[in-house]
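Protein chains: 2
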Amino acid sequence: MPIDALRRIRRFNRAVTAEVGALDTSFLGRGRPLGAARVLNAIGHGRGEVGSIRDYLGLDSGLLSRLLRGLEEEGLVVTLPHPADARRRVAALTEAGRQEFAAYEALSNDRAAALLARCPKGDELLRAMDLVATALGRERITVEETDPRSEAALHCLTAYYAELGRRLATGFDVSLSRDPEAADMMRPRGAFLVALSDGLPIGCVGLKGKGLEVAEIKRLWVCPSARGLGLARRLMERAEAAARDLGITTLRLDTNSALPEALHLYRRTGWVEIARFNDDPYPDHFFEKRL
Amino acid sequence: MPIDALRRIRRFNRAVTAEVGALDTSFLGRGRPLGAARVLNAIGHGRGEVGSIRDYLGLDSGLLSRLLRGLEEEGLVVTLPHPADARRRVAALTEAGRQEFAAYEALSNDRAAALLARCPKGDELLRAMDLVATALGRERITVEETDPRSEAALHCLTAYYAELGRRLATGFDVSLSRDPEAADMMRPRGAFLVALSDGLPIGCVGLKGKGLEVAEIKRLWVCPSARGLGLARRLMERAEAAARDLGITTLRLDTNSALPEALHLYRRTGWVEIARFNDDPYPDHFFEKRL
DNA sequence: CGGATTTCCTGACTTAAGTCAGAAATATGC
DNA sequence: GCATATTTCTGACTTAAGTCAGGAAATCCG
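As they're listed, the protein sequences go chains S and Y. Residues in the first sequence are numbered consecutively from 1, following the UniProt record's numbering. Residues in the second sequence are numbered consecutively from 1, following the UniProt record's numbering.
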């Protein structure tokens with residue numbers, strides 16, 4: 001371990017502590033202690049159930065109760081019993097609460113925008129931040145099944161097509177490729193999985209089925225800042241699990257030799273190369289795996 | 001301003017807050033509140049004067065006084081009047097204090113090492129962290145005059161020679177170049193300046209004089225993660241100021257066309273190209289500036 | 001149904017952090 | 001020398017945050 005690396009990480013910690021501290025201070029400007037503001041923001045971000053707020057913010061049950069009473073007295077929040085289990089309670093923002101939440105969001109966005117504006121190399125900075133955030137938030141990466149037309153899915157697919165366009169010598173035009181109908185990548189025929197890191201989509205994979213025992217893997221992509229963390233493998237495992245769940249026994253996929261990481265992954269994880277099985281113009285390698 | 005950029009910055013904030021919070025929690029493990037631990041560490045890092053601790057940590061005068069009394073009662077710190085002004089006081093660690101400080105340093109280093117160990121792309125991560133830390137800590141970059149044989153100076157010079165080796169088609173061997181004697185880059189003949197970002201050296205420039213009215217600028221270098229922030233210009237301005245201070249009226253420098261950023265900077269800041277003035281094998285462009 | 005469990009709540013605490021006024025010691029400028 | 005300013009300190013506060021024990025309501029399970 002080079003001693004220099006430790007100094008660099010610690011410098012990073014200092015720089016970033018100052019930035020985060022400044023954000024906290026700006027949150028104080030709305031005349032409410034930080035604890036209450038954090039609860040309000042958790043609710044605004046869709047965390048309604050009291051138990052889940054407690055877990056997320058790591059608060060004591062009694063403390064959270066009191067903070068919620070405070071927000072109720074301010075008229076920002078109402079709590080109702082959970083419809084399915086009346087012991088639990090669900091908090092929701094009132095109209096005034098939504099406005100207050102929006103004000104916090106605006107503060108947060110302003111700070112982010114100011115940070116970017118005062119740095120001349122914004123794009124490079126953003127890429128570096130993505131890399132750091134993904135590496136630090138590695139344990140918090142979740143893989144979720146979504147509609148392939150959802151915002152998160154489209155974000156990944158757009159990036160995937162753009163990358164293919166850059167990496168294939170021929171360029172890439174979606175319309176020429178066999179673009180699976182969305183319904184083929186949703187239950188009950190297939191599935192579409194997105195990897196999320198703190199809500200930001202950073203990878204995807206599609207399982208395209210026709211209701212038969214054979215299905216295809218499509219659109220495996222991992223955001224550059226998240227490569228090297230084993231995420232592609234994790235996505236593939238989840239896709240295979242979904243396939244088994246749907247009663248599929250054989251998986252196929254096509255790929256291109258311009259994507260050597262992908263070829264390497266498939267060869268290492270039980271896929272065997274087979275003959276061409278479609279007339280799509282882009283792929284030049286074809287694989288199969290029996291589940 | 002792309003909306004996506006804000007989401008990315010905010011994700012970064014969240015990821016990093018969790019990391020920093022974990023470090024704070026680990027500091028709590030030594031049975032001392034965070035406030036006292038921060039004061040102890042500030043003193044350990046060489047911040048002796050009470051006033052400077054107050055500024056650095058942003059503490060109220062009364063609060064800091066109490067924290068210092070607490071550390072004194074623990075036997076970790078002694079305070080003495082400042083030799084030049086007995087109103088001010090200077091805090092110093094006792095032997096027990098030094099041990100306790102070392103324990104905090106170890107905790108901090110352990111966390112940094114653990115972070116690096118659990119991330120498979122350590123080197124890329126470090127570079128990204130450098131970039132973020134430099135961008136965020138931009139206002140805190142200081143330029144200081146040092147001995148050209150100091151640790152910080154050598155760090156920069158080593159990186160500078162390595163980069164020349166990569167960028168010059170011929171490679172680079174210091175011994176073939178006219179390596180200025182250290183004394184030529186120190187008062188009263190010259191100066192050596194280092195840019196520090198939170199203590200980490202990220203750039204340098206040397207002013208090499210012979211006691212005459214003409215002197216040379218040597219070894220201008222900025223760390224890759226800090227480029228694009230105008231640091232080279234700032235270093236040059238400081239070097240020119242030092243030259244004026246030493247009564248120097250004409251500056252010269254040599255450089256190579258493999259370093260186009262440097263050529264561009266010189267041309268924009270009042271340097272005029274002149275004929276070759278030495279027989280150093282590496283440079284192919286020569287500049288002069290009258291102060 | 002009835003005891004055990006879960007979920008949230010209240011009340012009574014503790015601790016850390018921060019604020020503010022003014023006192024004491026020392027330095028500075030005329 | 002003396003008024004004024006600076007630096008640190010003490011004491012008396014406030015506020016935020018967190019802990020813990022126990023209670024009420026709802027649910028679960030035999």
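Bear in mind the hints are in silico, worked out from the structure with no lab data behind them. There's no promise every hint is true.
Which stretches of chain Y does chain S cover? Using the computed rule of at least three CB atoms under 8 Å from a CB of chain S, they are [to be verified]:
no.: 1; stretch: 15 to 26
no.: 2; stretch: 93 to 101
no.: 3; stretch: 200 to 214
Pulled a few chain Y residues facing chain S out of the computed Cβ check, cut under 10 Å [what the hints assert, rightly or not]:
no.: 4; residue: D4
no.: 5; residue: I9
no.: 6; residue: L136
no.: 7; residue: G228
no.: 8; residue: R233
no.: 9; residue: A241
no.: 10; residue: A242
no.: 11; residue: Y282
no.: 12; residue: P283
Backbone N, C-alpha and C define an ideal beta-carbon position, used for all residues, glycine too.
- Item | Annotated coverage of the stretch 93 to 101 of chain Y by chain S, confirmed only when three residues or more have a Cβ within 8 Å | That given contact is violated, which follows from only 0 residues of the stretch 93 to 101 of chain Y lying within Cβ reach (below 8 Å) of chain S.
- For the hint on A241 (chain Y), does the least C-beta distance to chain S fall short of 10 Å? violated, 24 Å
- How about R233 (chain Y): closest beta carbon in chain S under 10 Å, or not? violated, 12 Å
- Once the shortest beta carbon distance from G228 (chain Y) to chain S is found, is it less than 10 Å? holds, 4 Å
- Message: Quick check on the hint: D4 (chain Y) CB to chain S CB, less than 10 Å?
- Response: Constraint on D4 (chain Y) satisfied, holds at 8 Å.
- Query: Are P283 (chain Y) and chain S close enough, Cβ to Cβ, to be under 10 Å, as the hint says?
  - Reply: violated, 28 Å
- Message: A242 (chain Y) was flagged as interface toward chain S. Is the shortest Cβ-Cβ separation under 10 Å?
- Response: violated, 26 Å
- Quick check: the stretch 15 to 26 of chain Y, covered by chain S? Criterion 3+ residues, Cβ under 8 Å. With 7 residues closer than 8 Å to chain S, the stretch 15 to 26 of chain Y meets the three-residue bar; holds.
- Item | Coverage of the stretch 200 to 214 of chain Y by chain S (three or more Cβ within 8 Å) | violated (count 1)
- Message: So, as I understand it, the hint says Y282 (chain Y) touches chain S; can you test that by seeing if any CB pair is closer than 10 Å?
- Response: This hint is violated: Y282 (chain Y) lies away from chain S, its Cβ roughly 27 Å from the closest one there, beyond 10 Å.
- Message: Given L136 (chain Y) as an interface hint, is its Cβ closer than 10 Å to any Cβ of chain S?
- Response: Hint on L136 (chain Y): holds, closest Cβ of chain S at ~4 Å, below 10 Å.
- Message: Given a cut of 10 Å on the nearest C-beta pair, is the interface hint for I9 (chain Y) held or broken against chain S?
- Response: Where the cut-off is 10 Å and the nearest Cβ of chain S is about 4 Å from I9 (chain Y), the hint holds.
Consistency with the previously given hints fails for numbers 2, 3, 8, 9, 10, 11 and 12, ordered from lowest to highest.
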